[in-house]
Amino acid sequence: DQQVKQNSPSLSVQEGRISILNCDYTNSMFDYFLWYKKYPAEGPTFLISISSIKDKNEDGRFTVFLNKSAKHLSLHIVPSQPGDSAVYFCAASLGNQFYFGTGTSLTVIP
Amino acid sequence: KAGVTQTPRYLIKTRGQQVTLSCSPISGHRSVSWYQQTPGQGLQFLFEYFSETQRNKGNFPGRFSGRQFSNSRSEMNVSTLELGDSALYLCASSLTGTQVTQYFGPGTRLLVL
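Quick note, the sequences are listed as chains R and A, same order. In this text, residue positions in the first sequence follow the working numbering: the first is 1, and each later residue adds one. In this text, residue positions in the second sequence follow the working numbering: the first is 1, and each later residue adds one.
The hints are simulated quantities; they were obtained by calculation from the structure and are not laboratory data. Bear in mind that the values here come from a model prediction, so they are computed numbers and not experimental data. Each hint should be verified, as a subset may be incorrect.
[Claimed, not checked] BS3-like mimics (lysine-lysine), calculated; alpha carbons at most 27 angstroms apart, straight line:
| # | chain 1 | residue 1 | chain 2 | residue 2 |
| --- | --- | --- | --- | --- |
| 1 | A | K13 | R | K54 |
| 2 | R | K71 | A | K57 |
| 3 | R | K56 | R | K68 |
| 4 | R | K68 | R | K5 |
| 5 | R | K54 | R | K5 |
| 6 | A | K57 | R | K5 |
Use the sequences and the hints to build the structure in full.
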């Protein structure tokens, strides 16, 4: 049973515009939520995280929003750049175990 | 510091064979987790080791096993390979496993024919 879901396998955005990647989860006990970015032939790299007690965390062009009542989180990238083109995974942690979504492939068009 | 390293990077095996993959964590990191990535399934958690002890295990058959050595290096073994075991196997390390951030290696691409 997939506890973390990314329902959009792909997303295309024009350079300079906002990219919004979405993620839904089922377990209300998750304590942290994370976003990872993955380029081909490389392992995922950590991007940004948010504690379950917060609803927003910002780091430069990246902002993560958490809506606990809807069990939904999103990653906003503003402005989007061609170098942001990659696969983005959301993940949730329960203690020292992590659950990952299936990924969304973002393409930023120059 | 050197990052997480995984060997080999690519591997081709046939059904019924067994395989061992290796992961060297970042120096000082004591927790190592293993994941299987297949198209459409995302990253599926296999197991996590800390100080040579398996702390968590995902929902995989007993053909998948692992171990961790005193220097925190970890190995993962898959016996009696099946075609469905073809995947990218990723390992990730963190200081104690309770940190939010895990650092991933580049993965081992396993193809089972």
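Cross-check of the supplied hints:
no. : hint             : verdict
1   : K13(A) to K54(R) : 46 angstroms, violated
2   : K71(R) to K57(A) : 25 angstroms, holds
3   : K56(R) to K68(R) : 11 angstroms, holds
4   : K68(R) to K5(R)  : 15 angstroms, holds
5   : K54(R) to K5(R)  : 20 angstroms, holds
6   : K57(A) to K5(R)  : 21 angstroms, holds
Figure legend: structure checked against the earlier numbered hints; the only hint not met is number 1.
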